[in-house]
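Colleague: Chains A and B, in that order, are what the protein sequence lines are. Note that my numbering gives residue 211 to position 211 of the first sequence, counting from 1, and the numbers run on in steps of one. Position in the second sequence counted from 1, then plus 357, gives you my numbering.
The hints are simulated quantities; they were obtained by calculation from the structure and are not laboratory data. Glycine is no exception: its CB is placed at the ideal position from the N, C-alpha and C atoms. Check the hints yourself; a few may be wrong.
Stated by the list, open to error - Just so you have them, the derived chain A footprint on chain B, three or more residues with Cβ under 8 Å:
id	region
1	426 to 433
2	439 to 452
Claimed, not checked - Taking beta-carbon pairs under 7 Å as the criterion, some of the chain B residues facing chain A (in silico):
id	residue
3	Val398
4	Phe414
5	Ser469
6	Val471
7	Asp472
8	Lys480
9	Ala481
10	Pro484
11	Thr540
12	Glu562
13	Met564
Said to hold, decoys possible - Calculated lysine-lysine pairs in the PhoX-like style (CA-CA distance at most 20 Å, straight line):
id	chain 1	residue 1	chain 2	residue 2
14	A	Lys304	B	Lys480
15	B	Lys578	A	Lys304
16	A	Lys336	A	Lys324
17	A	Lys304	A	Lys82
18	A	Lys57	A	Lys82
19	B	Lys391	A	Lys122
20	B	Lys391	A	Lys117
Here is how the chains run, residue by residue.
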Amino acid sequence: MVDPANTVGIPVNPTPLLKDELDIVIPTIRNLDFLEMWRPFLQPYHLIIVQDGDPTKKIHVPEGYDYELYNRNDINRILGPKASCISFKDSACRCFGYMVSKKKYIFTIDDDCFVAKDPAGKAVNALEQHIKNLLCPSTPLFFNTLYDPYREGADFVRGYPFSLREGVSTAVSHGLWLNIPDYDAPTQLVKPKERNTRYVDAVMTIPKGTLFPMCGMNLAFDRDLIGPAMYFGLMGDGQPIGRYDDMWAGWCIKVICDHLGLGVKTGLPYIYHSKASNPFVNLKKEYKGIFWQEDIIPFFQNVKLSKEATTVQQCYIELSKMVKEKLSSLDPYFDKLADAMVTWIEAWDELNPPATA
Amino acid sequence: MFSGYSCRYFGYLVSKKKYIVSIDDDCVPAKDPKGVLVDAVSQHVTNLENPATPLFFNTLYDPYCEGADFVRGYPFSLRSGVPCAASCGLWLNLADLDAPTQALKTEQRNTSYVDAVMTVPLKAMLPISGINIAFNRELVGPALVPALRIAGEGKVRWETLEDVWCGMCLKHISDHLGYGVKTGLPYVWRNERGDAVESLRKKWEGMKLMEKSVPFFEALKLPESAVSVEDCVVELAKAVKEQLGSDDPAFTQAADAMVKWVQLWNSVNSSG
Chain A
1 MVDPANTVGI
11 PVNPTPLLKD
21 ELDIVIPTIR
31 NLDFLEMWRP
41 FLQPYHLIIV
51 QDGDPTKKIH
61 VPEGYDYELY
71 NRNDINRILG
81 PKASCISFKD
91 SACRCFGYMV
101 SKKKYIFTID
111 DDCFVAKDPA
121 GKAVNALEQH
131 IKNLLCPSTP
141 LFFNTLYDPY
151 REGADFVRGY
161 PFSLREGVST
171 AVSHGLWLNI
181 PDYDAPTQLV
191 KPKERNTRYV
201 DAVMTIPKGT
211 LFPMCGMNLA
221 FDRDLIGPAM
231 YFGLMGDGQP
241 IGRYDDMWAG
251 WCIKVICDHL
261 GLGVKTGLPY
271 IYHSKASNPF
281 VNLKKEYKGI
291 FWQEDIIPFF
301 QNVKLSKEAT
311 TVQQCYIELS
321 KMVKEKLSSL
331 DPYFDKLADA
341 MVTWIEAWDE
351 LNPPATA
Chain B
358 MFSGYSCRYF
368 GYLVSKKKYI
378 VSIDDDCVPA
388 KDPKGVLVDA
398 VSQHVTNLEN
408 PATPLFFNTL
418 YDPYCEGADF
428 VRGYPFSLRS
438 GVPCAASCGL
448 WLNLADLDAP
458 TQALKTEQRN
468 TSYVDAVMTV
478 PLKAMLPISG
488 INIAFNRELV
498 GPALVPALRI
508 AGEGKVRWET
518 LEDVWCGMCL
528 KHISDHLGYG
538 VKTGLPYVWR
548 NERGDAVESL
558 RKKWEGMKLM
568 EKSVPFFEAL
578 KLPESAVSVE
588 DCVVELAKAV
598 KEQLGSDDPA
608 FTQAADAMVK
618 WVQLWNSVNS
628 SG
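Okay, chain A solo, but in the shape it has when bound (with noise of 0.2 Å):
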């Protein structure tokens, strides 16, 4: 069994790396409790906190934090009718959060996620980990065995070419989860009191050609490199399917940043995810994107951007177009998903317009 770190009498970070230049995004529902045990790690940074359901709650933040919130009446005022890309009902609703952000890096963490313990007893700033990840290069052209070659105490191995060890930059940085896995809900079933108790002490590249499943719970990204790929879907009130919201967005990634050459790393930093979700409720959530993953994976796995797609937001709209083309035959569903993920895209370039000279 392993416990959640006891964070009392930590001090605050005296030294907050990027501070700012860092957005932390929270969706919410319930409560912000849990940044409570955050608070050494994460205090010094700018939260902002996309509410979801019912707009009139009020969500209470905990004293010191500094935070913009946002809940469904703010995304409508501020998007207008291209609000119909944000998920309602659903915690997809965070990327809203990505697109209003002035910051380079955003973090995002899942509001039952407490600090964890490394072996040594020791908590985990999951926060200053995401950073060393994203300001180090990748390297997915060439696999090194002892993973992450510019960590002290490592390096690359012999045989790897010389010509490949600068890398490429890090454009997002995926965390794991002691405690509750993140598992599908058919997995949940057969294994309901599985925790993960294994620390893997490893930070790796993700080789480029190689697709995986991103989770949401604990990730980090550099705006400003992927920022516009990281749309979460359609997913929730209204929609056929849920709990396909960082998994889309992970493939998305995925593709665009080998097409870009560059790096997602997933490993290290580990945080303890304290709640399991329902999975009789997971299960109708997900069972249709169970079936359609089977399309959906060799769709990505042979998607070729093409050349002239040099910004993400072009590589993008182009993605949509052959999701509408290749995947409306699976379901209308796919039809309206692309739609969403150009209005994503215009929705984003209206909020964030390039800078004039």
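Given the coordinates of chain A, work out where chain B should sit on it, guided by the hints.
Modeller: Then chain B, alone, in the frame of chain A:
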């Protein structure tokens, strides 16, 4: 063909068993973080006996081990995995770094015990080290080729590349035939041998050869008709000779050695 570190390939050739485990003679059992001695052979066998998952990355690493599974979003049709062809282990204390790196960081020791086994994804290239390796001889035996010898190859690992070349061939052939290659546990404890700075004095041919090898393997497509491991090795040798032969005589020699190796393998391992 069988001199220096490559003498072990003779052992692979004449063995009659299904699995091979090969460990350098300067390695001893490591201890895990709990202080328990690591049975590297047992871990290698477990790796080889369980499926590999090269077609989609599992973020919780080995889904078949105790306490882990496939994560949300992992396609169900890919959850049975593919046969595992090779298990590449790691090293505590003296990691398998090249001479320039070790010479620069003379005091560096690998103390990081990463508790995971994972499959190296399809098409991803990696430097496979011969220091601590195991493979399914029945599945891919002939693909471990004792082929690339660099000029002035010495008696320490820093002066060889035979295993790295062998590994590039093995990975490519495994990818082509639908097998998997795992990396991670088990660790062995590797000791001091040789002098990295001394090795630097020799002109380091390996660097140049690796630089040429990478684009070659990246672009290489073995023909559909190559369905056996032997066919794959022969086709690979042909491509090496055609595309890399003019770059360096070491490649031509490697291609010839690969063909000879397959002939030898077939004659030694034919029934009757």
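Colleague: So, against the hints stated earlier in the document, which numbers end up violated here?
Modeller: Failing hints, ascending: 3, 12, 17 and 18.
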